[in-house]
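There are 2 protein chains.
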Amino acid sequence: MRFSRAFIPTKKESPADAEIPSHKLLVRAGFIRKVASGLYDILPLGARVIRKIEQVIRQEMERAGAQEVILPIMHPAELWQESGRWDVYGKEMIKFKDRHERDYALGPTAEEMITDLVRKEVKSYKELPLNLYQIGRKFRDEIRPRFGLMRSREFIMKDAYSFHASDEDAEREYWNMFETYSRIFKRLGLEFKAVEADTGEIGGSFSHEFMVIADTGESKLVYCPECGYAASTEKAQQVRPEVPPNREGEFEAVEEVHTPGIRRIEEVSRFLSVPQKRILKLLVYVIDGRPVVLALRGDREVEEAKLKKAFNAKEVRLATDKEIEEFTGQPKGYLSPVGLPLPVYADYSVIPMVNFVAGAGRADYHLKNVNWGRDFSVAEFVDVTEVRGGEPCPKCGAPLVEKRGIEVGHIFKLGTKYSEAMGATFVDEQGNEKPMVMGCYGIGVTRVMAAAVEQGHDENGIIWPVEIAPFEVIVIPVNVKKEEIVEAAERVYSELMEAGFDVLLDDRNARPGFKFKDADLIGIPYQVIVGKKASEGVVELKIRRSGERLELPVDGVVGKLRELIGRG
Amino acid sequence: MRFSRAFIPTKKESPADAEIPSHKLLVRAGFIRKVASGLYDILPLGARVIRKIEQVIRQEMERAGAQEVILPIMHPAELWQESGRWDVYGKEMIKFKDRHERDYALGPTAEEMITDLVRKEVKSYKELPLNLYQIGRKFRDEIRPRFGLMRSREFIMKDAYSFHASDEDAEREYWNMFETYSRIFKRLGLEFKAVEADTGEIGGSFSHEFMVIADTGESKLVYCPECGYAASTEKAQQVRPEVPPNREGEFEAVEEVHTPGIRRIEEVSRFLSVPQKRILKLLVYVIDGRPVVLALRGDREVEEAKLKKAFNAKEVRLATDKEIEEFTGQPKGYLSPVGLPLPVYADYSVIPMVNFVAGAGRADYHLKNVNWGRDFSVAEFVDVTEVRGGEPCPKCGAPLVEKRGIEVGHIFKLGTKYSEAMGATFVDEQGNEKPMVMGCYGIGVTRVMAAAVEQGHDENGIIWPVEIAPFEVIVIPVNVKKEEIVEAAERVYSELMEAGFDVLLDDRNARPGFKFKDADLIGIPYQVIVGKKASEGVVELKIRRSGERLELPVDGVVGKLRELIGRG
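Chains as they are written, first to last, in my numbering: chain D, 303 to 870; chain E, 303 to 870.
Chain D with its partners taken away, still in its complex shape:
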């Protein structure tokens, strides 16, 4: 393609509402344009990236035995009412009426649609398993869309749903999809981790998120470089510490100290010159309507997903200041585990603590040398705080590494939630009618594009993995008025096209600096710069990612790129 005829509207300025690199760069480099809040036009460069991502996904899904379908975007309300999600989905689901006043939704996900199809067509175990996928538009009416393609209201998703005659077969397919997703993200040229994820209300242990590693990611994850364990911090388990032997031998006498106006852990730590690790943090939660006192080591944070799981709860929230005083009879900021009218639940991190600082239960005082077991009893030790880098791997004990990531894929064993609600049953070998066991598997296609930019960029622009770059190579004649330069550029351009590469020729009549800036901004992995030495048959190859530059003979370009890209 010739740049002069391509629709690539690059810009110097980032949009005012752009907060993260992918949003800024995809707009500046001419990949997307905003239509309205959370709605984007994907321009030709962006469409090329999307089609390449889709192609890899399609090939790998087919290879894994999944079959493509195309379901309507208009979902009849009746199906969502059957599953019970019509009313609970909330305002994120866009609802509308047709000309006959019938209710519909714009599909945010398609469990109901696919379950309806399969229950009507599949009757016997002989027709199972089945894995059906689609690639298309999804809608979520975010209250505050932001981050460009990362959280838009209309987006492209690959969603797959599998149906099985047994739990074991659903698990087999789960791992088949795990492998398939790993292959997909590898082929897309992305650094990623598959992490164990929280399964939310459905429970069970089969849920993995696929995270593209990027400093700007919304999610935190930890992984073990030794054994491969990886989990989101919502899910990562703490190793339960041993109770130190002979801890009672170390106990010292409790001492009350005056701490006027000192409430927060950091303040207490500074005021008493005690590390945060040796201070007990007490929090009051309301868990499914019941007050619960939670003790944790001062330097740790509660992870609500883990808290929900530990208490098998639907809803958790921090108590208000008023509730705290009502429940405990103590002032906020000086809560003491000693003499509380409520049982104390303690995080694993509290187990090794000895002679720690805690509130005194009255304003402006703390206690030193408090010890659980002696001064107060613990109802139960629970795993409710976030695991951090450096802490031991729950599988092998090696120190964990902490990273930030962007969720781009999610695989999930659904079980029989939808098949039971909607009567998707089959007759097994013994003639018994049973609900099908389901799994679901999603990839955010537009999100992958944005995540690739979060992972690959520098101050000059985007750095695409070659696998999904809009073009693999750009040929840049530095001066389109010099005949020998134009001739050499045209020759390289047509040779590269013949060899099957995706090539852009920057044939614009513009200054070289201007062209180089655009090439860097767009992020094409390989730049062939045709300059003065063209008359000697020599051109320059610049590698976008490393900045490395090589001089090459004109007829060596195709060979060198075949070697670098590993194709052709």
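Watch out, some of these pointers could steer you wrong.
Examples of chain E residues toward chain D, derived with CB under 8 Å [claimed, not checked]:
1. Ala338
2. Gly367
3. Pro374
4. Ile396
5. Arg401
6. Leu434
7. Ile445
The set of hints was computed from the structure by calculation and includes no laboratory data. Since this is a predicted model, take the numbers as computed values, not measurements. Where is the CB? At the ideal position from N, CA and C, for every residue including glycine.
Using the hints, position chain E against chain D.
Structure of chain E alone, referenced to chain D:
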């Protein structure tokens, strides 16, 4: 792919609401399933066909210099208000509100969206021309969806829009798209005609419809086998006949005849033993509110699109019985051109008529030997009736051929309608600001799938063109319990796959007749039947379209199919 693992739910019965072959067969053969009125799931076989159609379209559009974009399906109301179409589009457009009560439409077409994008990004003639296309979902809330995919509420369309600095350049692109569409439909393996189409309210002469020829088609068209002229009957022109020389010499005296209760042309023809061609048909229309009397040859029909054009009218309708008597003072069924209080407009077909029959202007009487010019005057001769097969070609005079067709593509020179309404202007070489000249170009992707079935089917099922068949070849072992049959079938299957063909292996444990029926129904172009002679290394190749059967050695299958499909 193995049939036993594929989701191909074939059926014996057609759905009750299916009226046309494509609807019946696509359901029976397991390509689509109805979700709700006008909404269909496209199953794996159907998705394979759609993807192949899309691939051909994408390749040819890119080759023609068009660039793919992906625009939102949610269209902000403001854009449609700017073009003036928000209120006029009517109930076919699905409208809804988001959570912030802002208005949106589900895009039925994207002129507004694309014009908004281009007006914001393109400022100079240097950035033109531009042709942007997308392939995706479109929505039309049909009052009575029917004919399966042929008139559904949600469908897949390729829509392209081009922008130009001059009328000439828009015309150049128009013909570029004309050629591109011709290549696309040829590559899709369809028999089609590009016909001149009515341009409706916009006017001008640049509109072609691409019609897939099928007896069940909704539209009629005529074409000239000699010179290539082709037009929809809405648009096809009549040759204006010469006034016969010396016609006055043939005039005979007017004679009134008693025709009690005889009103309709067929009745008059029978009663008086006069061919319909020699009877004058008089019709009263209300054209933009004004009464108009139209005379035509008795065997012809008015084509309203041509009538509108001839009178440059927005709205035409037949007058009511009451209006007829009011306007003419004569009773319906006996209208006479003689002594009418309104001028008479006559279709070209009236020009050669001499001594014809017409109403007498009073009940129960007709006139014989009426002649225009002598007995009444014609205000103007106009071309307002439908051209039929056998009539002369307006370009070369050879007899036209009449066919029925299904509109699958439409190209259109839009002019400046949208660019003027929405301020999509550019600065030309002389520094003047001008509106861009636009064109638009659509292909109904899901409709192409249905049209291919209307064109290609017989009593046993679908006959796909090999270019868009879900699979090119099906290998059918007649008995999966005989080792030598299974072995030969597996060998042919893997050799065909290695050679790059799309192959389905019917590995189901079922009777041969059952498998043959499914293969015919699904319509796979080539069937390799592996039967008893497998032990001698011989298989049978059946060609679906012709029914022809060939015996082949097992190792001759790949070669023969390469020859037949012309690939590999």
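Comparing the hints with the structure gives:
1. Restraint check, E:Ala338 versus chain D: the minimum CB separation of about 5 Å is within 8 Å; hint holds.
2. Because the beta carbon of E:Gly367 sits about 7 Å from the nearest beta carbon in chain D, less than 8 Å, this interface hint is met.
3. Hint status for E:Pro374 relative to chain D: holds, with the closest Cβ pair at about 4 Å, below 8 Å.
4. Annotation: interface hint on E:Ile396 holds; nearest CB of chain D at approximately 6 Å, less than 8 Å.
5. Interface restraint check for E:Arg401: the shortest CB-CB distance to chain D comes to about 5 Å, inside 8 Å, so the restraint holds.
6. A hinted interface residue such as E:Leu434 counts as satisfied when its beta carbon comes closer than 8 Å to some beta carbon of chain D; here the least separation is about 7 Å, so the hint holds.
7. About 7 Å separates the beta-carbon of E:Ile445 from the nearest beta-carbon of chain D, less than 8 Å, and the hint is met.
When held up to the earlier numbered hints, the structure conflicts with none and fits them all.
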